[in-house]
Amino acid sequence: MNTKMVKTKPKYLKIKEILKKEIKYNKTNILSEREVIHRFNISSITARRVLNELEEEGYIERKVGKGSIVIEKKLNEIGIIFYSFKEPSSFFIQQVIEGIEEKAEKSGYHLHLYTTRKKSIIETKNSIYHLINKNKLKGLIILSPLPENDIKFLKGNKVPFVVIANYYPDIDCSYVIYDYKGVTRKICERLYKEGARKIGIVISEKGEYGAQRSGDLIYDGYKEFVERKNIKEEIVIEIKDEGEPEEIYENISRADSMIIGNMEVSNKIINKGIGGNFILYTYKEVKYPKRVVFSFKEYGKVGFDIIKRLIEGDKKNIKIKLKPEIKGVI
29 MNTKMVKTKP KYLKIKEILK KEIKYNKTNI LSEREVIHRF NISSITARRV LNELEEEGYI
89 ERKVGKGSIV IEKKLNEIGI IFYSFKEPSS FFIQQVIEGI EEKAEKSGYH LHLYTTRKKS
149 IIETKNSIYH LINKNKLKGL IILSPLPEND IKFLKGNKVP FVVIANYYPD IDCSYVIYDY
209 KGVTRKICER LYKEGARKIG IVISEKGEYG AQRSGDLIYD GYKEFVERKN IKEEIVIEIK
269 DEGEPEEIYE NISRADSMII GNMEVSNKII NKGIGGNFIL YTYKEVKYPK RVVFSFKEYG
329 KVGFDIIKRL IEGDKKNIKI KLKPEIKGVI
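When we follow the numbering used here, the leftmost residue of the sequence shown carries the number 29, and every step to the right adds one.
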């Protein structure tokens, strides 16, 4: 007769799990080694191991000289992740954070900023990695794309998070993003109705790490329109750096209308007073005949509302598409 060996958890692990649950639900405020020994009928070595591991995992904090273990009171801390303060879209980062802070301050949450410098969290095992493993953060707001493996790591650790201004088509997670695709397709349809047959787009660099950004979505909306109308020639300019948009000026004559989906290019067109049949995507309130205005602060406000709901127990992923303000086009 074959018998199977059933592996059971070591006693110290079972005790640790019990205490972690009590800490989580605020049923325990103070622990001592002696209390753990008597309560669970274990040796001082086992009790010490349990308490040492709880401390390493960020659940408790030793108070030297008091002979006790005090449960660490966690603040309502939310991490905000982005590439770098030096990236071209730093104004975007500033505006989004301003929107987040406006809501966070009223709700009693504290914000912490972390830069990845385009490196993987799990590969570098940086400070964010350790904070996540030690349950130091209530949730994360992601402003710059992370590699898909990092996103899967967050999901695997059941960390509440929301992605702002990006989304992952192959990963089910919470996000908020403007409806760049729908708006671009709608504008193209309107321009076509008004007689334009050569419509071009200028977009920001497309996303990486499996994430899609505004450039991808603007192009998707444009591509859908072009295929629907059976238009053979695409006029697409993807801006990958901060240089002067000379290529745009050279290609103006090729198009009846140009949708400027790169907001830095829109700024330069406004500042230099460059004429042309443009539809500008912008975050500024400017006097320009045809423009689509995107509020970065709104990203922050809505993103915070999402992360707050997830932290407070909302189990379903929350996906929101914002509508920009279209002026002078439709």
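Hints may contain errors.
Unchecked claim - Simulated restraints, written as ranges between beta carbons of each label pair:
#, residue 1, residue 2, range
1, 46, 158, 48 to 54 Å
2, 197, 66, 32 to 38 Å
3, 112, 68, 45 to 51 Å
4, 198, 89, 19 to 25 Å
5, 50, 236, 39 to 45 Å
Keep in mind the hints are simulated off the structure, nothing from the lab.
Note that the Cβ used here is the ideal one computed from N, Cα and C, for glycine as well.
Hints and how they fare:
no.: 1; hint: 46 to 158: 48 to 54 Å; in the structure: violated, 25 Å
no.: 2; hint: 197 to 66: 32 to 38 Å; in the structure: violated, 55 Å
no.: 3; hint: 112 to 68: 45 to 51 Å; in the structure: holds, 48 Å
no.: 4; hint: 198 to 89: 19 to 25 Å; in the structure: violated, 40 Å
no.: 5; hint: 50 to 236: 39 to 45 Å; in the structure: holds, 43 Å
When held up to the earlier numbered hints, the structure conflicts with 1, 2 and 4 and fits the remainder.
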